[in-house]
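J.: Spelled out, the chains give:
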Amino acid sequence: MRIFLSLVVLAVIAVGIGKTLMEIPFGEDTTNVGGYYIQSGRDDTGAANIVTSVVVGYRAFDTLGEVTVLFVAAVGLGAVLAVGSASGRRRDVEPASLVLYTGCRFLFPLILLFGAYIFIHGHLTPGGGFQGGAIVASAFLLVYLGCRGRRIRHGWSKATESLGGLVFVGLGLLGLTAAGHFFLSNYLPKGTVNHLFSAGIIPIIYVAIGFKVGAELAGVIDDLVEESE
Amino acid sequence: MTVELLLGVALGGALLTYVLGKISPGLRNAFALLNALALVVMISLLYGQSFERALPLGFLGLELSVRMNMLSWFFAVTILGIGLLSVIYSLVYMRNKERLDYYYATLLFINASMLGTVVAGDLLSFFVFWEMMSWSTYLLISLRGGSKAIFAGIKYIVMSLIGSLTMLVAIVSLYVSFDTLSITELAGHVQSTTMGQALFVLVLFSVTFVIINALWPFHTWLPDAHAEAVSPFSAILSAVLVRKGLYGLYLLMYAMLGFSMLGKLAWGALSYSNVLAWIGAITIVFAAFRALMQNDSKRILAWSTVGQGGYMVLGVSVATNLGMAGGTFHILNHCIYIALLFFVAGAIEYRTGGIRDLDSLGGLIKRMPVAFVGGLVGICGLIGVPLTNGFVSKWLIYKSLVLEGRPFLAFAAFLGTWGTILYGYKFIHNIFLGQLPDRFRDVKGIPFTMAVPIVILTVLIFLFGVLPGIPLSVVDQVGTYLGFESLNVSIWGIPSETGTLNVVNLLAALAVAGFIVWLVLRAIGRSVSVDQDDTYAAGAAIPSGKYHYTVGFYSPLYRIVGPYVRDFVDAFFLKIAGWTGSVCGVTRKIYTGFVGNYVMYIILFLAALIFVQIAWSPW
Amino acid sequence: MIILVSLLVLLMLCAAIAALVFRDLLAAVIASCVVSLLASILFYFLHAPDVAMAEASIGAALVTAIFVIALGRTRRYEE
Amino acid sequence: MSFLESYAYYVGAFGLILIGLLVILVKRNLIKIIIGLSILDTGVNLFLISVGYLASGTAPIFSREGIDSGSMVDPVPQALVLTAIVIGVAVLALALGLAVRLYQNYGTLDMRKIKELKW
Amino acid sequence: MVSPVLLIAVPLGLAFLVPLISLVSRRAAMLVPVVACLFNLVVAITLMPGVLDQPVVEKIGGFPPPFCINLYAGPVGVLFAALIALAGLGIAVYAMAYIRTGPVDRYHLLYLLLLVGATGVVLTGDVFNLFVFFEILCISSYALVAYMGNKSGLEASVKYLIQGAVGSGLLLMGIGLLYGQFGTLNMADIANRMGSVNQVSVFVPLALIISGLGVEAAIFPLNAWLPDAHSSAPSSISAILSGIAIEVGLYAMVRMIFTVFGATSILMFMVFLGALTLLLGELCAFAQSNVKRMLAYSSIGQIGLILFALAMATSYSVAGGLFQLLSHTLSKALLFLAAGYMIYRSGSMEISSLHGMGKRMPLTSLAFTIGAFSLVGLPPFVGFPSKFLIVRAALARQQSIFTILLGFVLLGTLIEGAYFFRVVQAIYFKKGSGETGRSYAPAVALVSMFIFAALIIFVGIYPQPVADAVGSAATELLDRAEYVRSVLQ
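Chains as they are written, first to last, in this note's numbering: chain A, 1 to 229; chain B, 1 to 619; chain C, 1 to 79; chain D, 1 to 119; chain E, 1 to 489.
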């Protein structure tokens, strides 16, 4: 009964959306803002990756919000799992096998490095702070899986989160005082496109995001794996 | 002496009373008394003045104003006078009770807001003060605590809220049409309005005023509220607060709409005044019988308040200068004797330890003579015995009804008076006459400060009864202010072509009649007083409690009319409240607690929007 | 190309339906992981390498890991 | 064929969205509902990307000189989806945390049994 | 030159600072929201006079508007920002005393982020940015609802989260469809191009967006999360959710309908929906015996009233709706705050356990009474001018349908009055069982309550400045062309 009703209702919605999609031809150029970004994104922001120039340049404010969302979730998860938690005990699990342990210890720095590469080169190649951060976090996930009992120090992860966010906001606020008087305006020299040191504040922001996202996602995993404190 | 100052003193005094109460109770009492007294002095200084002034504070682009004229002055003086007496009375009555700071502050606040309603020069400030009056009254009705008082409070505030919401709609509708709320300006504009709107506004306003004036069928809040409030406050409720409804009717019918407009709002016999008059008549009769059925001293008085309101409305709706004068004068008179009676009932309650049940009182005449005199005079005024003020006003109302050719209405009014006599007698008899129950042997008389208001009011009843010209000259000025022809008032009464009301002649006639009665009684001989236990049934003495014959007073009458005078309106309203409760109980079941359902609501809402658009494309 | 895409889409929808019907929650989680992974491939076909990366690393990997951890602390089967 | 060409992605996207919604609507297990949310998110993301697609386009990255900027796909939906993915994972993480705590408190994840709050 | 972006950036910076601060001292974190709100209040008040003449369009990143995200600090935005800062300040002060258990630093951090999200929603001029800030607002409220970690809090939070997530999914779908049709996300730009496409095809995005935002705005069939969440959250959070979160949702919805879509044809439907929401909310509230749940349902009713007024779409009615929104924020926040400590002392949320509170906690009870009276719309409290404006607006439409709907709305108010008066009586006039000793709420909490009470009375007596601000806000909301012009000039 319930399924039937759901299907009927969803069918109605599908029909409605389908009708609307007729107006949005697939695979054709309907953009107007996007076209501008492609045309002048390189000059405006100095980033080769136009997605990056949109994410950290034109729509950097969204990204600030996005970072905040992740921050909220990490903090909120901590709060939810911490308050009135049934036990502060760590579950005793048998340690991983030596092969896994050694493999993890070996892979951990490599994955970290890969993550760092991804977010440092965010303005040049696909990837950026979020992807890099997620990879960094997956390194920590590996540690949890392979080297049970190891945990990141909360002080450090908190400080990283905090500093990452502060760098982002601080860079933005500097824009108010620096050239142009706009929040998050790209006031640093843009350099040459396709060079590592180019695109003004974009790489700095992406690095900050990378650290922050890495720390937050690792914190999320940490919170879920262990009931903290 | 300005009205702003008056209002400021009244409102500020109320707040200050509360603060002072936190410092010292004595200081608070003194201040409350002083404040009430100062207000009376101030209002008497304002006698005869007439002005309208804008307040410095506007409200949402509207100009607020206060005004003073005979109508306002008349109502203000009753409010402040009863307020003062009530405060005096409270000093002892409320002693040793809890929350006195709250009590005095709220009492004075209610007085201040009532004062505000009558001096308001525009409908918005009228409404604001009206609402302040409503909620502060609500805060005081339940003061005693207990389920009955709480029920009375909620009943009052819900009715009152209905009234104020309808009034708000009416006021705003006027504002939307004429872009002003000043009463004087509206009076000019209203003449140009359409019939439909006039009727809309009139009906909405009338609902409010009928509710607050507790006319049938919206009387149901009053008996509960008046009976359950503390007595000094019941006096205020009954004497002045209820009559704000009449003030509203005056404003509406005469100050704003005017005769011509009222005259136009008629379909044959079904005119606004007629409907109102019949509501008044029904109220009179219904309330008289309901009062008769009560066994609670304050409830009797409460129902009599309902009934007397009917007289006033009768007088007002007749819309001749005589009827108007009768109605207006009756407001004053009622205010005097009902306050007196509540004070008396309160005094009995105070001395007997909270007893209001008429079956268990009796014989208090010797223990509380002042109360007896006050009660008797008050009841006489209520009934309209000659030489008391009630007589004059009722006489004016009857006369106007007869002159206007409204025999049925006049008959209803007479019927009501008979009822009044019956329950008035019951009140006096069951409290003061008959045997004194043993447990009341040691009851003391009324304390001095409680006696003061009683004595003052008793004197006033006689004064206005014997010299009706004093108040009538004021009443006449109210009438002329509202546009009625002036009555020719002399100090002794109203001389006119169709029979003269002259209290001197009446006095003489009564003196002669009294002398004859005295002679007859003397000729028949003295009655013999016997001891209470000096009665025998089949030779055996019965314990005195058994034949306390106030129990079941009028019970034959109850058996006959009882089934027909149930308060079915009240029952109806309670039923509506019950229905609302069940509707609520059903409605809340929407929120089943299962989150899948909740998501289903969201999706259904979306699907419904889309479906309607696809099917009918209304948007 | 279009056939490949259609197949992927079909596979993805099948995985999604599998996630709907599996009573073993772990299997359902893996199915949703497959959905993400296939979506990630589709992103790549749609010339969105950034998004593909993000979906693969976040949507497929991290989310699945979080799910599995959470499953470990609750119960594995639907009641 | 042309239908597939035009709408394969859309079908995929809205298929995911509808299946996700269906999971949320008919399933009682909280984890299942959260899986549904994740599928819903993926579907929405896929839809957004498909909106920006240009049939003959290239990825919007000037990875080497001489790429025709006219043939790039729209970068804006990609930026949006990046954001949406992160937001999705944030919500999911929080939801799973809550689910864990809820399980500790109620001993079940069946939402039909978890309805102390109603009416 | 004060920039409106400071309203978002500075509190956000402070929020990022909190983990560092809490490394030093956990309790010190509780000062951060207070500081942030004070700052925002000052900034918003500084911006206000200028904005009333000429809205400030802040281009973030410095690109020309359709290409950047812009903040639109018009009268509405700044008014809301000020309101958020004001209510946020009062509740933050209260929470300093009220929140004693759990990771307090995280509480204050999430609280601050919730305010940031709300401020972002009201200031932004970009559809997707609105979504992002909305998520900040929602996610932090999910977490805060569950903050106490008790059964009901967790349950409410999960239910809220599921519905909220579905809502935001729908919203995102709607935004996607909009982008597909217009190729832009800037509100003014979309509004500008709205005429150029087939009106039928924008309906589905509109429906999606209304449903999505409607979940957070708690309009009738979409509001099932609200009573649970508002009644189970810590009282300070109930206050901010009732006072700010749902209003912000409603604002977003109205902004979408008025400015972005210019969908005047659906407004009549929204008027009905508002009246329906009002009636159902009040009816449900009437049947409650749990005081916080009653307040929560009353919020639904109030939202219905606000929606009713806003959807009538005349300058009077929108002004009245915004005024009502403000008065609801102040009153409901005060009610929840006062109820919070009464519940804390009596240990139960049942109305029957509040008996005799008038004697035990006189000041808190007074605060509750003021809030209740104001919500019912009694003068001289702030609820009255707003009710007056709404009634005026409804009658000024001069159509009998609006008069009839107004009758239903007033019926709702009557029911609301009945249950609030019932509670006030329970507090003051019923004899409480058990403990009767006096116990005051902590001074800090009382200060916060009295800030609200004083505002309620002050604005109730002297509504003119607020009425002016609200009036120009209404003009802004209704004047689509001016909005487009000032952004895209």
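Keep in mind the hints are simulated off the structure, nothing from the lab. Hints are not guaranteed to be accurate.
[What the hints assert, rightly or not] In the DSSO-like style, the derived pairs of lysine-lysine whose C-alpha atoms are separated by at most 27 Å in a straight line are:
#	chain 1	residue 1	chain 2	residue 2
1	E	431	B	97
2	B	22	E	359
3	B	22	E	431
[Said to hold, decoys possible] Quick list of simulated restraints, FRET-style, between CB atoms:
#	chain 1	residue 1	chain 2	residue 2	range
4	B	581	E	2	48 to 58 Å
5	B	197	A	18	29 to 39 Å
6	E	439	B	24	36 to 46 Å
7	B	463	E	398	48 to 58 Å
8	B	608	E	458	36 to 46 Å
9	E	24	A	107	49 to 59 Å
10	E	362	B	514	42 to 52 Å
11	E	431	B	508	55 to 65 Å
Don't be surprised by glycine CBs; every beta carbon is placed ideally from N, CA and C.
J.: All hints, please: hold or fail.
T.: Cross-check of the supplied hints:
no.	hint	verdict
1	E:431 - B:97	holds, 15 Å
2	B:22 - E:359	holds, 14 Å
3	B:22 - E:431	holds, 22 Å
4	B:581 - E:2: 48 to 58 Å	holds, 53 Å
5	B:197 - A:18: 29 to 39 Å	violated, 51 Å
6	E:439 - B:24: 36 to 46 Å	violated, 24 Å
7	B:463 - E:398: 48 to 58 Å	holds, 54 Å
8	B:608 - E:458: 36 to 46 Å	holds, 44 Å
9	E:24 - A:107: 49 to 59 Å	violated, 36 Å
10	E:362 - B:514: 42 to 52 Å	violated, 59 Å
11	E:431 - B:508: 55 to 65 Å	holds, 59 Å
Hints 5, 6, 9, 10, counting from the list given before, are not met by this structure.
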